[in-house]
Amino acid sequence: MKSLGNIRRSFAPWADPQSKPFISFRNITKKFGDFTAVDNLTLDIYHREFFALLGASGCGKSTLLRMLAGFERPTSGEIILDGQDIAAIPPYKRPVNMMFQSYALFPHMTVESNIGFGLRQDGMPKAEIGERVQQMLKLVKLEQFAKRKPQQLSGGQRQRVALARSLAKRPKVLLLDEPLGALDKKLREETQFELMDLQQQLGLTFVVVTHDQEEAMTMADRIAVMSHGKVVQVATPAEIYEAPNSRFVADFIGDVNILEGNVKAAGNGRVELAGGDFTVRAVSDAAPSVGTSAAFAIRPEKLKVSRTAPADPAVNTSEGEIWDIAYLGDMTVLHIKLPSGKVVKTSMLNAQREVENPIGYDEKVWVSFAETAGVVLRD
Amino acid sequence: MKALGSSIFSRLVIIVPYVWLLLFFLVPFVIVFRISLSTTAIAQPPYEPVFSLADGLSGIIDNIRQLSFDNFVWLTEDALYLNAYLSSIKIAGISTLLTLLIAYPIAYGMAQAPRTWRPTLLMLVILPFWTSFLIRVYAWIAILKPEGLLNQLLLSVGIISEPLIILNTNWAIYIGIVYSYLPFMILPIYSALEKMDHSLIEAAQDLGCPPITAFWKVTFPLSLAGVVAGCMLVFIPAVGEFVIPDLLGGSQTLMIGKTLWNEFNSNRDWPVSAAVATVLLLILVVPIVFFQNMQAKADEKGR
Amino acid sequence: MTRWSRFNIVSVALGFAFLYLPIVLLVVFSFNESKLVTVWAGFSTKWYVSLFNNQGLMDAAWVTIRVALLSATIATVLGTMAALSLVRYTRFRGRMLFSGMVYAPLVMPEVITGLSLLLLFVAIGFDRGFWTVTLAHITLTMCFVAVVVQSRLLSFDRSIEEAALDLGATPLRTFFEVTLPIIAPAVFSGWVLAFTLSLDDLVIASFTSGPGATTLPMKIYSQVRLGVTPEINAACTLLIALVAIGVVIASIVTKQRELQRQRDEQAAVAGR
Chain E
1 MKSLGNIRRS FAPWADPQSK PFISFRNITK KFGDFTAVDN LTLDIYHREF FALLGASGCG
61 KSTLLRMLAG FERPTSGEII LDGQDIAAIP PYKRPVNMMF QSYALFPHMT VESNIGFGLR
121 QDGMPKAEIG ERVQQMLKLV KLEQFAKRKP QQLSGGQRQR VALARSLAKR PKVLLLDEPL
181 GALDKKLREE TQFELMDLQQ QLGLTFVVVT HDQEEAMTMA DRIAVMSHGK VVQVATPAEI
241 YEAPNSRFVA DFIGDVNILE GNVKAAGNGR VELAGGDFTV RAVSDAAPSV GTSAAFAIRP
301 EKLKVSRTAP ADPAVNTSEG EIWDIAYLGD MTVLHIKLPS GKVVKTSMLN AQREVENPIG
361 YDEKVWVSFA ETAGVVLRD
Chain D
1 MKALGSSIFS RLVIIVPYVW LLLFFLVPFV IVFRISLSTT AIAQPPYEPV FSLADGLSGI
61 IDNIRQLSFD NFVWLTEDAL YLNAYLSSIK IAGISTLLTL LIAYPIAYGM AQAPRTWRPT
121 LLMLVILPFW TSFLIRVYAW IAILKPEGLL NQLLLSVGII SEPLIILNTN WAIYIGIVYS
181 YLPFMILPIY SALEKMDHSL IEAAQDLGCP PITAFWKVTF PLSLAGVVAG CMLVFIPAVG
241 EFVIPDLLGG SQTLMIGKTL WNEFNSNRDW PVSAAVATVL LLILVVPIVF FQNMQAKADE
301 KGR
Chain C
1 MTRWSRFNIV SVALGFAFLY LPIVLLVVFS FNESKLVTVW AGFSTKWYVS LFNNQGLMDA
61 AWVTIRVALL SATIATVLGT MAALSLVRYT RFRGRMLFSG MVYAPLVMPE VITGLSLLLL
121 FVAIGFDRGF WTVTLAHITL TMCFVAVVVQ SRLLSFDRSI EEAALDLGAT PLRTFFEVTL
181 PIIAPAVFSG WVLAFTLSLD DLVIASFTSG PGATTLPMKI YSQVRLGVTP EINAACTLLI
241 ALVAIGVVIA SIVTKQRELQ RQRDEQAAVA GR
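Protein chains in written order, with the UniProt record's numbering: chain E, 1 to 379; chain D, 1 to 303; chain C, 1 to 272.
Pulled out of the complex, with its shape left as it was, chain E reads as follows:
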């Protein structure tokens, strides 16, 4: 895994203006009757990237994937794969393969013939098919299940067969539609790392559709957050989490506290908001005009809670009262009621918590945060 880390660290073709995208969606629109599933969307995905399309159901992410696979035709726009416009190519001639959400394993075929199915369509010699199937079985560690039917496998095993089947043809791009949706939590977490490992080993481009933000953050090099047929933000998991570009993304990814306010001063990389429980003084490149309303998004773990007032209680500090305490094992979540009645959420790793004299219900506390702890969002 060490080498993987090294590759990962240096892998950022999207930041390099010289590198050419491997897959390009250009002004793609897809309508079903009156309903616009994908709305004038433009997106680039790079070779060997692990790319995640993240969004709630109905946001158009699956439609986008299905257009890449060829099951849906864009209403307008073009899809370029490896320099070729593939809009007119039927699914069975595209060099991409898909792992279906339902796995779509053929129930009348054994594991072996499921995996070899695509190879047989290409007319590959029998011996070669056998060899490739063995290789795939080994890759997903299912050698002893070759002769079984899909119905005789567990959910996790089926998932592996589906994966092996879609990889057998060595596609240029592997599409994964909610690949881990049907697995239980524990197995899902294990499989996430296996998928990442596999993607590195094979050097393939993966495009995964998911509604599970944790899954997307774990696996993907970059995430496109989608809503109503549009891409709201494309960035690395860390950027998306630390610097969401909109309330939607901030709210969609993880827990967040949104502190509303009016812009009192802005400029030179600093913004000051007032009017809420906090006087927010933040480091930000956003330059909202003075007098407009804006918001400051801050993650629960970035809020500090203390019994005594911080050094400069005027800035980024507010009094509050403990409203609710949830002990989650590894961390504790505190809900704190601010003077205006607004409740903010803070979380604290239990490793840092005072075991002797923990903060209890109804206690008066101080909530504060650093200037760089959150982002300013314009309306």
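Everything labelled a hint here was simulated from the structure, so no lab data went into it.
A portion of the hints provided could be inaccurate.
In silico lysine-lysine, DSS-like type, Cα no more than 30 Å apart, as pairs [as the list claims (entries may be wrong)]:
1) E/Lys337 x E/Lys364
2) E/Lys93 x D/Lys297
3) D/Lys90 x E/Lys138
4) E/Lys93 x E/Lys302
5) E/Lys264 x E/Lys304
6) D/Lys195 x C/Lys255
7) D/Lys90 x E/Lys172
8) E/Lys147 x D/Lys217
9) E/Lys93 x D/Lys195
10) E/Lys185 x E/Lys147
11) E/Lys149 x E/Lys138
12) E/Lys31 x D/Lys195
13) E/Lys141 x D/Lys217
Chain E is already provided as a structure; the job is to place chains D and C on it using the hints.
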């Protein structure tokens, strides 16, 4: 479910229909077999020996001695019967195949229809089944007659110059069977196709199958259970069909159902017709048991 | 990627044309002025008049309806019981034989069923007539009812029954107060199926009926053998109309219920 399993209610639920079917379905077959071993008599009923409990045990044993397999020997000696059996199987087989060829595209089309339409389409397939079978067969007489509607149409369009002779031929029987049994073939195939996960077809295409290949490699094999069920539902009753060959077929058409009917109603030879029925049942026992097993398996899956 | 392609539409349309054209033609020619069934000579309802004056046909129709009502009702009771046994009791002695006896009549050639029942009635000295036809029809149609009800029971949520038992209802009351109301639509369609099958049957009725119990199909059959007449077309049209009206009413009722249910659901979601 002990509470339900042991109550008087649950016992009654099993016993009543069970006894009914034993009495009115199974016992009659035993009697058919028994009478097939009797000889014809000019009496009421027209066969002997007649069993009667009044004879006592010795009388019954005496009666059993009189039973013989003569009627079955007779069936093998007269080529009429053998030909009728073979011809029935042939006609039923051809009709079943034709029904399948016509029903499959319809069932497939229905299964592909927009979801909101499907209940209506299904209803439309079942609807003719609610009208009388006899009426539906009867309707074809007026269509297939030499001066009938089909010939009128074809003559007026100019496709043919002489009326086609269809009525009273095997073709009329094929048409009649296909028409009457079509819903029985469509429904199981449709339900197999409708249940199928569409992503399987997409997966096949994704892996390089053009649509036609995807159909033969995935869709068709997965609908096979429906196809087999449909074929059974058509073939088995068609072998013993009486009304269709009688009304649409010619006098030279041999089908065993018609033979049995004539033997019974015209010749009043009850023992021979019982023997005919026994042999027909023996022929059909394999497909019937196969059909039952399939049904039972489908139930297991549904449970 | 429209799945409802032209090929699909054409095959379904042709299929329905094949299914319905003969029936439509039959209905049309029942209103034909001419005695010839194949040549249109103008609109007339005279065959309906002569049909109602045909005492033989009318008597037969009356017998048929009585047989169908009685046999369908008893067959529905027996068939529902059979379905319950098949679905609920996976093991009892002779279950294989039982399920065999339920499925076999569905495909058994009618000549065999008819002949065997006739021989039974003769053997036990039961005079043939109204009751023998009714008994025969019950035996045949209860199996169809069983299949229809069974398919509904298979998708039945058992925990609803278990809840009733848990709350202290006896199995009998559970059946009548919980199970039956839920499966009622299937039981009803089983009844309708049994009714039409009985209405329709020629072969079994011919074997098992006796003097004074001639059914409509038997009457129609004997007339058809003599030749096709518009009067028979008229009789058939009335039968078809009867069935069509029944089906239309049933589907309107179901549709209304479905709409009501959807409205209720929407109202519930909206929190009203």
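Hint by hint, here is what the structure shows:
1. Simply put, E/Lys337 and E/Lys364 have alpha-carbon atoms about 10 Å apart, close enough for the 30 Å limit, and the pair holds.
2. Proximity of E/Lys93 to D/Lys297 is assessed by CA-CA distance (about 39 Å); at most 30 Å being required, the pair is judged violated.
3. Using a Cα cut-off of 30 Å, the hinted pair D/Lys90 and E/Lys138 is violated, with the two alpha carbons roughly 52 Å apart.
4. Proximity of E/Lys93 to E/Lys302 is assessed by CA-CA distance (about 50 Å); at most 30 Å being required, the pair is judged violated.
5. Taking the CA atoms of E/Lys264 and E/Lys304, the gap is near 24 Å; set against the 30 Å cutoff, the hint holds.
6. As the CA atoms of D/Lys195 and C/Lys255 are separated by approximately 23 Å, the hinted pair is consistent with the 30 Å bound.
7. Taking the CA atoms of D/Lys90 and E/Lys172, the gap is about 54 Å. The hint is violated against a cut of 30 Å.
8. Of the supplied pair hints, the one linking E/Lys147 and D/Lys217 holds, its CA atoms being roughly 19 Å apart against a limit of 30 Å.
9. Proximity of E/Lys93 to D/Lys195 is assessed by CA-CA distance (about 27 Å); at most 30 Å being required, the pair is judged to hold.
10. For the given pair, E/Lys185 sits about 28 Å from E/Lys147 by alpha-carbon distance, which is consistent with the 30 Å threshold.
11. The hinted pair formed by E/Lys149 and E/Lys138 meets the criterion: a straight-line CA distance of about 17 Å does not exceed 30 Å.
12. Of the supplied pair hints, the one linking E/Lys31 and D/Lys195 holds, its CA atoms being roughly 27 Å apart against a limit of 30 Å.
13. For the proposed pair E/Lys141 and D/Lys217, the alpha carbon gap of about 27 Å is at most 30 Å, so the pair holds.
Checked against the numbered hints above, the structure violates hints 2, 3, 4, 7; every other hint is satisfied.
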